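Chain U: place on chain V using the hints.
Below, each chain spelled out in residue letters.
Number of protein chains: 2
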Amino acid sequence: MILLKFKPIGVIHTPHTGPKGTPIQSIGARDIKGTIELNPEYVDGLQDLDGFSHIILLYVFHKARAYSLKVLPYLETEKRGLFATRYPARPNPIGLSVARLDSIEGNVLHILDVDMLDGTPLLDIKPFIPDADN
Amino acid sequence: MILLKFKPIGVIHTPHTGPKGTPIQSIGARDIKGTIELNPEYVDGLQDLDGFSHIILLYVFHKARAYSLKVLPYLETEKRGLFATRYPARPNPIGLSVARLDSIEGNVLHILDVDMLDGTPLLDIKPFIPDADN
Chain V
1 MILLKFKPIG
11 VIHTPHTGPK
21 GTPIQSIGAR
31 DIKGTIELNP
41 EYVDGLQDLD
51 GFSHIILLYV
61 FHKARAYSLK
71 VLPYLETEKR
81 GLFATRYPAR
91 PNPIGLSVAR
101 LDSIEGNVLH
111 ILDVDMLDGT
121 PLLDIKPFIP
131 DADN
Chain U
1 MILLKFKPIG
11 VIHTPHTGPK
21 GTPIQSIGAR
31 DIKGTIELNP
41 EYVDGLQDLD
51 GFSHIILLYV
61 FHKARAYSLK
71 VLPYLETEKR
81 GLFATRYPAR
91 PNPIGLSVAR
101 LDSIEGNVLH
111 ILDVDMLDGT
121 PLLDIKPFIP
131 DADN
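As given, the protein sequences belong to chains V and U, one line each in that order.
Each residue of the first sequence is one higher than the last, beginning at 1 in my numbering.
Each residue of the second sequence is one higher than the last, beginning at 1 in my numbering.
The set of hints was computed from the structure by calculation and includes no laboratory data.
This one's a predicted model, so the numbers in the text were calculated from it and none came from an experiment.
Treat each hint with caution, since some may be false.
Which copy is meant is left open, so a pair is good if it fits within one copy or across any two.
Claimed, not checked - Calculated cross-link-like contacts (lysine to aspartate or glutamate; reagent style DMTMM-like; alpha-carbon spacing at most 20 Å): (1) K70 x D44; (2) K7 x D131; (3) K33 x D131; (4) K7 x D44; (5) K63 x D118.
This is chain V alone, in the form it adopts within the complex (with noise of 0.2 Å):
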């Protein structure tokens, strides 16, 4: 078994503390604020990031328990196979958001549209291009 080791390179700080209440994906979440705080040995990989309009956010659903390959999603009544979901209990919980980039101060991203939990470590940040995205 191949274990592949990765480490976060900052943490999202949002208003949603828990479960109850946080956004089901980024429909919920339009204009809620969050910022990130990347660790400042990373600062310089910002540079230019400003030009775009979203941002791509892949991080640690870090309070996601054992997964099961059968899930019940939010509002619906059958369960569901795991993969054609967003749960974020899976084998690998790796989130992903689409996120405003409002602005940058330093090693600080100003953010809308957040839907992750507070303290939601960090993997990496990629330009939104809506060619390739979309």
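This is chain U only, laid out in the frame that chain V set:
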């Protein structure tokens, strides 16, 4: 330092055997066919996925070398901040692509618009949900 451990859940087969000729993002990958060979233990998680036309693949840039925080993007003449690019060499070399789902046979998914290298380790499959991801 927190280390996060992930393991591949399958492998992605594509016609792209080396960086030369491999499309830059899915823009140049239109109609190129690939397959995902999911490890059989996860096959129950595929139920209902065939209701989606597009899927999000998270995978490892397994051929990426050590990263730099400033990189020269394809077809450009000035270096940019790494997080403003989709460059594969990153602190956490996790790739993200949206592929078209053609069909599912057992643990094999036939996909289109593939832009990753043959043999790429798969980390996750998520349904593409236009309201959340656009």
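Each hint tested on the structure:
For a Cα distance limit of 20 Å, the shortest separation of K70 from D44 across copies, 7 Å, qualifies, whereas the shortest one inside one copy, 42 Å, does not. Taking the closest pair of Cα atoms, K7 and D131 never come within 20 Å of each other, the shortest separation being 29 Å inside a single copy and 30 Å across copies. Taking the shortest Cα distances, K33 and D131 sit within 20 Å of each other only across copies (19 Å), while inside one copy they are farther apart (26 Å). In the homo-oligomer, the alpha carbons of K7 and D44 lie at most 20 Å apart inside one protomer (18 Å), although the nearest pairing across protomers, at 30 Å, exceeds that limit.
When the C-alpha separation of K63 and D118 is checked against a cutoff of 20 Å, the pair qualifies only within one copy, where the shortest distance is 10 Å, while the shortest distance between copies is 33 Å.
In summary, the one numbered hint that this structure violates is 2.
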